[in-house]
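There are 2 protein chains.
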Amino acid sequence: MRPLTSLNTWDFVVRFLPVCKFIKKYNGSTAICDLVAGITVGLTLIPQVIAYASLAGLEPQYGLYSALCGGFVYAVFGTIPELNIAPTALLSLLTFQYTHKASFGSVKAAIMLTFFAGILELLCGILHLGFLVEFVSTPVVSAFTSAGAITIASSQIKNLFGLKYNAESFIEVWKQFFMNLTEIQLWDSLLGFLCIGILLAMRKLKDYGEPPIANQNQTEKSSVYKKLIWFTSVGRNAMVVVSCAVMAFIFQYHNQKPFSLTAKVPSGFPNFSLPLEPIEPSNGTNGTEISEMIGELGCGIIVIPFVAILANVGIAKAFAHGKVVDASQEMIAVGLCNIAGSFFGSYPVNASFSRAAVSSASGVRTPLSGIYTGLMVIMAFTLFTPYFPYIPKATLAAVIICAVVFMVETTITKLIWKINKLDIIPFVATFISCLIIGIEMGILIGILVEVCKLIYFTSRPKVLIETIQETVPYLRVTFSSSIYFSSAEYGRQKILKHCFNSGQEIHRVLINCINILNLDYTAAKCFESLLKDLQKRGKTVAFLIPNDRIRKVLEVSCEAKLTVFKSENQFKLSLQEGNGVNNADFEAVITQL
Amino acid sequence: MRPLTSLNTWDFVVRFLPVCKFIKKYNGSTAICDLVAGITVGLTLIPQVIAYASLAGLEPQYGLYSALCGGFVYAVFGTIPELNIAPTALLSLLTFQYTHKASFGSVKAAIMLTFFAGILELLCGILHLGFLVEFVSTPVVSAFTSAGAITIASSQIKNLFGLKYNAESFIEVWKQFFMNLTEIQLWDSLLGFLCIGILLAMRKLKDYGEPPIANQNQTEKSSVYKKLIWFTSVGRNAMVVVSCAVMAFIFQYHNQKPFSLTAKVPSGFPNFSLPLEPIEPSNGTNGTEISEMIGELGCGIIVIPFVAILANVGIAKAFAHGKVVDASQEMIAVGLCNIAGSFFGSYPVNASFSRAAVSSASGVRTPLSGIYTGLMVIMAFTLFTPYFPYIPKATLAAVIICAVVFMVETTITKLIWKINKLDIIPFVATFISCLIIGIEMGILIGILVEVCKLIYFTSRPKVLIETIQETVPYLRVTFSSSIYFSSAEYGRQKILKHCFNSGQEIHRVLINCINILNLDYTAAKCFESLLKDLQKRGKTVAFLIPNDRIRKVLEVSCEAKLTVFKSENQFKLSLQEGNGVNNADFEAVITQL
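Order-wise, the sequence lines are chains A and B.
Residues 1 to 593 in UniProt numbering are what the first sequence lists, from first letter to last.
Residues 1 to 593 in UniProt numbering are what the second sequence lists, from first letter to last.
Think of the hints as simulated: they come from the structure by calculation, not from any bench.
Take the hints with a grain of salt, since some may be wrong.
Stated by the list, open to error - Straight-line C-alpha distance at most 30 Å; calculated DSS-like pairs for lysine-lysine:
(1) K566/B with K566/A
(2) K462/A with K323/B
(3) K418/A with K257/B
As the list claims (entries may be wrong) - Covered by chain B, according to a simulated footprint, are these stretches of chain A (three or more residues, beta-carbon under 8 Å):
(4) 289-300
(5) 350-364
(6) 451-457
Owing to the predicted nature of the structure, the values given are computational and were not obtained by experimental measurement.
Backbone N, C-alpha and C fix where the C-beta goes; we use that ideal spot for every residue, glycine too.
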């Protein structure tokens, strides 16, 4: 990223309002591309967010409210055309975990969470803290995404079978499921599995279709038939949900209620309201202060934006087409989406990989396509909400399960095993702890394991000790990296042991400093003690090409001038000539110390 | 350390019972050296441990009980002749912190703590976990030692001035001191400062004297006069304590009690008792289960052995004279000293630097000298205890203050600044948090700061990107170290940005792998995306001397054969000849992906 001072005014505006760049070149053909993509994404999005809302423990309309602002705000501040900011499965699950117990109501809690998550994302963007996500390695991300998908799918099992029980954790869900096996509802289960079958089959259909504007260079135009297949596949959620609702309506018309249905929801625009309002005490109930409300949200305030940034940066990179992603601007954009949303009843939102893929395949050109998706969402909650009470719960469960089941990464384990077997440890540790203890603890444990691995490698550098058989034999010691407090003692012991075991016949030690770029205080002191110990055993020590900094550090630490050679040949020559071996400076200091 | 399998029986016995080695060569002259050193150390130790007992919140005799087993057990299992295992100032302070609130009495708590500390030290020794102390850097050790010394000295201020108040933390101590200023006792204060003056002056005397058996090679024998001066200096604690006790006795004989004196203590051997005994319920009071008692000791069970091992390994190294310290055997020895001690009323014990220095200067030859010190301790608690009630508290405070004041390392800050300015941060962070929050949190914070520093350096390796102007210009990218998840993205961005800013005229990139010894899964995947991104911009990528492992990892990750060169000249040659540039294999894969 170029420093701010070198930007002129226009560059500056474009950097913080990327829409300016896109607007400048906006024309009819770009607009049509964006329109097609926007509508296609809307078809995927609307049934998904209705389902995700129930995952978050909220009424269906909150899914639509949450999808409202993302499109408009991201169109102005976003940089990646494919991204669409709306509810996602993982954030819905996390929102549920942090809000369903709130004493002041889960809706208010979710809205507050959105506001704080937005503020934090905005701050991370402004302070360039995005690099923090680099400490979450790919195995850890894969593990927690997979574990999250399994947890989400498990949570929908009850709706799929028409069961009614309350359970939160993965283990509790399955325990309750088996305890309630006898209560399984025939019609709900049939509908649920039918929906899953149809959704998976229609998903597969995509392979036989063709996206509308795939490749500019393509010579042969795809047939309308293939495009239709593609659209049918992409609109599968909408079609399944609408069909099931119609079916339920017909049953109800004949006074039959075989399925458990979604509750009645209010119609129309969400109310504009402040996300941070203390609850006033009213007839008999105590009020709640903002600080108490924040306390109830707990570490959700940290976990949700962290997971959101992690997912967002990852998705942005995947669709950046080789350009460098301005991670800070992305965080600012998503932060603003959340802050704006929190005034319109939104729960935390984020980009989703599946939507980005649909958008990309639909030939999106600029983030402005989000505006068209947003308009579709407005249509949905003004016109469609009266029909929501006809959507069967089992259908929504099927939509969620089919969306998350492909988030479980099974092939990665094989690849990790092939590339670096040790990386299986953070993967398995994260996966198991995400399932058993919870997503946030799982991520933390994964990061911890990775950091331990990192510290281990830093603390155990390769120390190559070779006996060079010249006319005057000598030991050559080569460190593979910089030396810090954690590796200094290891290196010292290794060298001392080698000298101890190999006997006393070799009196010259050449320490090759080529890879030592840095040396901290502890390491410098350790070198001092090593030199003294070697000296006591009658060995003379010389250094090969230390850089100026290392040389200075060692000389200050040992209070002696080092014998330094610029090449190994120079050292060998000095051995033959007999100079440089006496190392008089150093010896003088050793006796003085 | 040699593996166990390569040892014959005798080596095996010697390794676990180092005394066998020493006994084999034991003769008259060695015994006399050890006797002189043992008695000299005893003279320093006895008044010190009486004082330290009060620091630990225990009666004076417990100091002596604690000094009993160390000498005998370390004589059998220890490897460093200079070390003497008995109470130290820092462990006394920590013992006080973890035991003075115990519901089952601080004596019993201290004994239990000793037992568990011993078990943990023994385990660490057996499991070779000593390397853990390597993660505590020198600046952190210096900072917590200095802060500990200041806390200890501060805690003695009340005894020095004859004040009576209860305060634990450094801040509380000084707050209480200033609140009780008007209560200062004239005679206690006079005596205290007089003792400090005398002790410091006598300490200085050592510079004019000469230790008994300093250097075998010394030609000129030191005069008896100089040796006498040296012994006077070393025995200063004993002399000051005895003089003050005699003075207090004379005053009392004349019915005067100007000083606040030590309490009356029982005489004779400590009782042999099990360290782990639940407290039986008796008339009205409830009993306490072992598990509850352990709960009350809290993290002291971890902190005390950790600090003990840290100090011990450090002191052992300082006196190892260039030999490699068998850290595991040292931990086993100290662990056994504590376990044995816990049966005789000991609180946690450890080696002390000042005693080791006295022992070294007195010409100690083997750890058997500890037996003589142990015999002196036995004499002390059988013969001297009736006189303890005459020792003024201010005198003991003076002994403690004069012992710890030299633990405050003031010169190290200057040296750290000279050697590595960044290391000032862990030093200051540890120092301040030790003083304000407490020693154990201070050490933890220090370790955390150091680990963050380490991760930072690992995550931000040097990535050198040079434009080489040959007939066909190319970019040479050199990484300074192995690449892990935390540094991979940084490297990728740096290279991409460079390619983006430097324009499109350079089409060849040579990645120098000489320093890359390891690559984890995340880094491998990051390399894959980097190669794809570079490919998209029309650049061809070649690798310079990757090792076999790195080459395999990259080929699996990128699903392509790499273009590899064994030297830069070979690469240059290939540029001129035009082969190797097309990189056909890789290109094929990129389009396929």
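Here is how each hint holds up against the structure:
1. K566/B with K566/A: Holds: K566/B and K566/A sit about 24 Å apart, inside 30 Å.
2. K462/A with K323/B: Holds, at about 22 Å.
3. K418/A with K257/B: violated (82 Å)
4. 289-300: violated (count 0)
5. 350-364: violated (count 0)
6. 451-457: holds (count 5)
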